[in-house]
Amino acid sequence: MSERALAQLGRYRIVAELGRGNMGVVYQAEDVQLNRMVAVKTIIAPADAPEHAEYDARFYQEARAAGGLNHPNLVTIHDIGREGSVAYMAMELLDGVELRDLMKRGRLPLSFALDIVAQAAEGLAYAHERGVIHRDIKPGNIMVVRGRHAKIMDFGIARMQVSEVKTQTGAILGSPKYMSPEQVAGRRVDHRSDVFSLGIVLFEAVTGSAPFQAPDVGQLMYQIANVPHRSPSTADPALPPMLDLIVARALEKTADARYQSAAELAADLRVCITAIDAVRGAHRADSTEATVMTPTDAAASAIGSDLEIAITGTSASGGAPNAGYATTVINTDVRAFFPLSQRFDSTVAMQRLGQG
Amino acid sequence: MLTPTLASVIVLRMPDFARRSVRDQTRLKVDLEALVALAIQPLSSADRIILDTPDGAAIAVLGGPQAALEMAERAQAANPSLCIGTNHGAIKRASDALRGPGLMGDGIAAGVMVAGAATPGRLLVSRAFRDALEAHAPAHAACLSPVGTFTDPDVRTHELFAVDRSAIHVRNRRRFVVGASSTAAIVGVGLATWSFLRKDPVRPAIVVFEIAPRGDVVVDGVVKGKSPPLTHLELIPGPHKIEVRNAGFPPLYLDVDLGSGEEMTIRHSFTRPKPAQKSRSTEKKLRGWWNSLGF
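First to last, the protein sequences are chains A and B. Under our numbering, read the first sequence as residues 447 to 802, first letter to last. Under our numbering, read the second sequence as residues 1138 to 1432, first letter to last.
Excised from the complex, chain B in its bound form (with noise of 0.2 Å):
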């Protein structure tokens, strides 16, 4: 018989996903995916499982709480619109009659009542997490507050902590110098204005748009806007994925990762590729619609 394990469990809810028309819940789920996908980069396919979830997905981690932590984080710095919560608890392995394997135990259900409290942008982790990540990491486990208790469905009362990101944005400002240059080799667009001011509280980072003849501008996989009229986005410190379309064209990818109040100008002209790359480009263009798609 198999015996529970304790893992971190980290529930990444879309909200009002039941809501949404078919073909948008297809766009988030592909684009959920996705960032799961980069999320669990970093560890090894030993350390995680990767779950259904009705409204999303949950990332069971073996590899303890202070990676859970980490993964989390970057969850919630690629797509700032998800509700994220994260709990330390039992989970076992066994198999459903009519949708196959997966997991059960209080890990996951506790994790997915802290999910439903959060809310968007807000990274929420239970006290059983606390403790956890404190026991592993204690530095870590500082950076978590308590912001209160929320009381489930089932009378079942969760005390919750938030990631104070003060505390964790002095971790970012590494990875930010690394990812910022990297891009400017790969993509070669103009970046003008840097500030690499940091001063508490975290102010957002400002991404100036200067788009001939226009683009639709996606962040993190949710469409912001056509610019021009757009001419900038407010957007959270930390980790994002910025590409900007014009039909008929290869798409501008950026990964950036911006400091607090940080300023970051994206100039670029779409131009009309030579005829000998036309049919690859409709291919890719075919593609990336197909992706949206989930195909």
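One chain only, chain A, in its complex shape (with noise of 0.2 Å):
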């Protein structure tokens, strides 16, 4: 069955193309029966009958496990089926923007980007204690919808877009940024793979940048399995330190050091973002001082404006960490190098350092 000539996938009535990837195209449509408006996503299945034998069994064993899933951070499936060749899944329609977009436009405020990135940890908890794991969290499968509310999309098919990426090719196509250390080494995965890839997309919101930056892939996957992250506060120092073990326990190398559950993860960013609230309203409530604001405090209050553009674009360029220093390393060995700590200033010592 041709994609184009889609008007009907079993009850549910195309209404129009929502979006197009590389596992097949989301749908708005209608559910006739139930009179309701659904997104309707389309799988295209390999073409080898084998392959597609297995790959039909394994979707319809995946989508029902992630059916049953029922939590305000995760899309509810509503139905699966098949038309023809295709595939599919009817989903809740969510009138929100992917996270991914969002963070197009650079580092995002502090309490907003924890604040989602908490609900998703939420989310993901619920469906890792039904022993559904996503296998494929990055900023694209994370929906914001009313501004605020995280929604965590493309639970059970996320495997098979892995999966069919690989088997097709015979490499990964994808960028592999998201992926764990165990993923990228191709070793048997659990949740604490999706808390991992959870870790690289709280990293990436709080400083628009990414935590291991390769010129290619392999150096990228290098880097995931062996080599030790940045900090979130080597790009803005004014980020509290708390955020900085929060994410380097979110992104050990090794399963058995990270996170046991998604609901850790979340419990700390909830602290995280508590202790942020009452600091702002204690500065709001003192109003005979002048208000003093650090870049991550006028962020969040900026959402959205030029403003936040404009402090985004400073810290990202006043963050570069390498500025005049000579020698770059890429560490293999956690002790050969040490970083300097970011709460203090240390510029006239290695001035004097590198004169003598």
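You may find that some hints are simply not true.
[Unchecked claim] Covered by chain B, per the in silico footprint, the following chain A stretches (three or more residues, Cβ under 8 Å):
{"#": "1", "stretch": "509 to 521"}
{"#": "2", "stretch": "656 to 664"}
{"#": "3", "stretch": "675 to 681"}
{"#": "4", "stretch": "785 to 791"}
[As the list claims (entries may be wrong)] The list that follows gives simulated cross-link-like pairs (lysine to any residue, SDA-like), each with its CA atoms no further than 25 Å apart:
{"#": "5", "chain 1": "B", "residue 1": "Lys-1378", "chain 2": "A", "residue 2": "Pro-622"}
{"#": "6", "chain 1": "B", "residue 1": "Lys-1361", "chain 2": "B", "residue 2": "Gly-1258"}
{"#": "7", "chain 1": "B", "residue 1": "Lys-1361", "chain 2": "A", "residue 2": "Ala-462"}
{"#": "8", "chain 1": "A", "residue 1": "Lys-623", "chain 2": "B", "residue 2": "Gly-1258"}
{"#": "9", "chain 1": "A", "residue 1": "Lys-699", "chain 2": "B", "residue 2": "Ser-1158"}
{"#": "10", "chain 1": "B", "residue 1": "Lys-1229", "chain 2": "B", "residue 2": "Pro-1179"}
{"#": "11", "chain 1": "A", "residue 1": "Lys-699", "chain 2": "B", "residue 2": "Arg-1164"}
{"#": "12", "chain 1": "A", "residue 1": "Lys-699", "chain 2": "B", "residue 2": "Asp-1289"}
{"#": "13", "chain 1": "B", "residue 1": "Lys-1229", "chain 2": "A", "residue 2": "Ala-782"}
{"#": "14", "chain 1": "B", "residue 1": "Lys-1378", "chain 2": "A", "residue 2": "Glu-628"}
{"#": "15", "chain 1": "A", "residue 1": "Lys-550", "chain 2": "A", "residue 2": "Gly-456"}
{"#": "16", "chain 1": "A", "residue 1": "Lys-550", "chain 2": "A", "residue 2": "Pro-661"}
{"#": "17", "chain 1": "A", "residue 1": "Lys-699", "chain 2": "B", "residue 2": "Arg-1156"}
{"#": "18", "chain 1": "A", "residue 1": "Lys-699", "chain 2": "B", "residue 2": "Arg-1157"}
{"#": "19", "chain 1": "B", "residue 1": "Lys-1229", "chain 2": "A", "residue 2": "Pro-683"}
{"#": "20", "chain 1": "A", "residue 1": "Lys-699", "chain 2": "B", "residue 2": "Gly-1258"}
{"#": "21", "chain 1": "B", "residue 1": "Lys-1378", "chain 2": "B", "residue 2": "Ser-1218"}
{"#": "22", "chain 1": "B", "residue 1": "Lys-1229", "chain 2": "A", "residue 2": "Arg-789"}
{"#": "23", "chain 1": "A", "residue 1": "Lys-550", "chain 2": "B", "residue 2": "Ala-1234"}
By construction, these hints were calculated from the structure, which means they are not laboratory data. Even for Gly, the Cβ is constructed at its ideal location relative to N, Cα and C.
With the hints as a guide, bring both chains together as one complex.
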């Protein structure tokens, strides 16, 4: 069946195309039986017959597991079905924007970013408790609706996507940017792999840049598996140390050293948010003193404004950590190099050392 | 091309840091940074570089091994739960593609290994550091006694020395008198029984608490318990930061410098502040909480 010719999928009347990806197309559709609007995602199966059968079986197995999930931070799956060679999934229609699109503008306001990631972690925790692993957590799979509400999409088919990319080409085509060390090594993954991926999302949301950066996929995978990440405070020293530690725990190379559940990650993020809100409340209550805003404070209060963009741009360039240092090393041994503390100014002594 | 420089490196390790919850880690990290800020105060900013380590911090001291030893002693006295290792060796400015500017070199790497061999409350130094100290300040090097050898995971053997506390106690005594008098003047709490007995071996100092109605006792950033029922604590002689907290009241802060076998009584009643001061008190409490979370 041609994708373009689609006017009806089962009981769903196609209204409009919402998006198109590697796996298939997402449509806005009307459920003619229940008279409600839904999103229908089609999944194009491989043409090869044996692979097709295996793919089909796995799709239904995964989709059934994901279909049993009911949580405010997970997109609700209403139905799965097949129309000719096209398998489809009908799900909650969301009026929102992907986190990926929000992050294209740069770093997000701190409280907003922490809240969105905490919500995603709470949704993940719910799914993990029911034995469902996402396997492809990334900003493109987190939808932000009504401005502040996070919903994770593509539970159940994420595994299919990764599998397809590997089996059809023999190599990973997409960016492994959000993959865990166990994923890039091709080892068996569990729910803690999702925690690592969400840690990458967290880092990127609060700093505007990725924790691992390499010119090609191979080096990026090597970094994910072996190289210690940089701390968020290297991008913005105004970020709280607790955030450095949260990110460090989420991005541990070994799953056993990582947060053992997404709920733990969510709980720590909530503590962070509460502390930020409390201090901002104290600042607002004190009307006798001039307001002094840190870049992160200002960004938080200026979501969507030009000020936010200006601050983001300034911080991103000002935080370039390597300026002025001639010797650049790529570390393979954590004991060989020790970064400057962001909490103390060692500039004068470093300059003296350079002259020696 | 940058050439390596010889420097003394103090490595402050928080034991079991990786196994703690992030909230505990945050509190410990904030306390450690406060301690480092105090420890480096006597040094010029041109003489010290502060580095992050996976389980603590490292301070590269360019001002000579004597200054480094004094700093290490201050750090140990302020927080006896730290494991502290000190080395003298080559360091070099470098930049990591991901983690930004920093230092590399055997001065730090061996310092980390020495700190790994140290136990809480025990300051260990390497042979290289001892030799450097002897060359710069022979009298101070006499405070260092050999305690054995340690083979690290890279099968490198380190000859270790510990600071002989009885030898350095004479130096601490002068600081103690100054510290005690300024504390009494600023805080105005009852400092009842002072003992100036100086007998070897070094005996723990005793701090007696008479708190009404009750308060949480924190020593050097470590929560010791509620008083009452806590009536007294034994502390290692030397400077300590004592804090007594009661939710809703301004906390009591004390900087003390205790001598061997010394006894001190802290009497304090938490009284409700005047209404006009309430908002300030609330803000202070919030700030304390904020600070405890590392903001």
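field: 25 Å limit on alpha-carbon distance, applied to hinted pair A:Lys-550 and B:Ala-1234
entry: Judged against 25 Å, a Cα distance of about 23 Å means the pair holds.
message: A:Lys-550 and A:Pro-661 were given as a pair; does the straight-line alpha-carbon distance stay at or below 25 Å?
response: 19 Å, holds
B:Lys-1378 paired with B:Ser-1218 [C-alpha distance capped at 25 Å]: 14 Å, holds
query: Hey, B:Lys-1361 versus B:Gly-1258, does the alpha-carbon distance stay inside 25 Å?
result: 16 Å, holds
message: Does B:Pro-1179 sit within 25 Å of B:Lys-1229, going by the straight-line distance between their CA atoms?
response: 24 Å, holds
- request: Assess, step by step, whether the Cα of A:Lys-699 is no farther than 25 Å from the Cα of B:Arg-1156, and give holds or violated.
  value: 15 Å, holds
field: Claimed coverage, the stretch 656 to 664 of chain A by chain B - three or more beta carbons nearer than 8 Å
entry: holds (count 3)
- prompt: Taking 25 Å as the top limit, are the C-alpha atoms of A:Lys-699 and B:Ser-1158 close enough?
  reply: Cα-Cα ~17 Å, so holds.
query: Under the criterion that the straight-line Cα-Cα distance not exceed 25 Å, is the pair A:Lys-699, B:Arg-1157 satisfied?
result: 17 Å, holds
field: Given hint B:Arg-1164 paired with A:Lys-699 - CA-CA distance at most 25 Å
entry: Given that 25 Å is the threshold and the Cα spacing comes to 24 Å, the pair holds.
query: Are the Cα positions of B:Lys-1361 and A:Ala-462 separated by 25 Å at most?
result: 65 Å, violated
field: Restraint check for A:Lys-699 with B:Gly-1258, where alpha carbons must lie at most 25 Å apart
entry: 31 Å, violated
Hints 1, 5, 7, 8, 14, 15 and 20 from the earlier list are contradicted by this structure; the remaining hints agree with it.
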